[in-house]
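**Q** Here the structure of chain D is known, so what remains is to put chain U in place on it, guided by the hints.
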Amino acid sequence: GAVVSQHPSWVICKSGTSVKIECRSLDFQATTMFWYRQFPKQSLMLMATSNEGSKATYEQGVEKDKFLINHASLTLSTLTVTSAHPEDSSFYICSASGGGGEQFFGPGTRLTVL
Amino acid sequence: GQSLEQPSEVTAVEGAIVQINCTYQTSGFYGLSWYQQHDGGAPTFLSYNALDGLEETGRFSSFLSRSDSYGYLLLQELQMKDSASYFCAVRDSTGGFKTIFGAGTRLFVKA
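Residue numbers (our numbering), protein chains in the order written: chain D, 39 to 152; chain U, 2 to 112.
Be careful, since some hints might not be right.
Stretches of chain U that chain D covers, calculated by requiring three or more beta carbons in the stretch to come under 8 Å of a beta carbon on chain D [what the hints assert, rightly or not]:
1) 41–51
2) 103–112
30 Å max Cα-Cα, derived BS3-like pairs, lysine-lysine [as the list claims (entries may be wrong)]:
3) D/Lys79 <-> U/Lys111
4) D/Lys79 <-> U/Lys82
5) D/Lys104 <-> D/Lys58
No lab work stands behind these hints, which were simulated from the structure alone. Each residue gets a CB set at the ideal place from its N, CA and C atoms; glycine is no exception.
Pulled out of the complex, with its shape left as it was, chain D reads as follows (with noise of 0.2 Å):
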């Protein structure tokens, strides 16, 4: 099957930082990426829809200014949090789809804010 890939796979940063999160299909093209985010013991919430060459589409309640997300090529997403707080600590999840509806998700990135 298609693979996903992310990185890095955790990463801890201090309070008002900013922290990149890639995402990238290794054997396929990606025209849609989506980007979940789950807190412990709880679901997957999808944050954004990401399609290559056009701005991401942001759930409700989801802050646009706070997670930019850059679809700049068929097989790479990235995620930024910007001016990281301890609240936004969480595991964020990454899938695309090569246009077929199937997804594929990536291993995910637990990220821990001090």
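**A** Just chain U now, kept in the frame of chain D:
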């Protein structure tokens, strides 16, 4: 919008069969997926139903009834390693086939 309902917790013994139900509401239903997630890990794909009926993959089977907006995941011959969270997820055709997850069912398998 979309909403999914599934039980929060299920407990069963090794070797037993367990069924996890899921009901959903969505405007652009395209299919129902099931994912397994162990503590600390990412969700892994189990099955997908776009049409009514039963799909079988080894010990796991998934069922869908589009007219009832209902599906279930059936796990047979339970093993201790099946203890995990199981999420049903609706693939919605609006906005680029995004997948919306249910709250998850925590399965505890006892010896």
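**Q** Each of the hints needs a verdict: does it hold here or not?
**A** Hints, verified against the model:
{"no.": "1", "hint": "41–51", "in the structure": "holds (count 5)"}
{"no.": "2", "hint": "103–112", "in the structure": "holds (count 3)"}
{"no.": "3", "hint": "D/Lys79 <-> U/Lys111", "in the structure": "holds, 20 Å"}
{"no.": "4", "hint": "D/Lys79 <-> U/Lys82", "in the structure": "holds, 18 Å"}
{"no.": "5", "hint": "D/Lys104 <-> D/Lys58", "in the structure": "holds, 12 Å"}
Of the numbered hints listed earlier, not one is contradicted by the structure.
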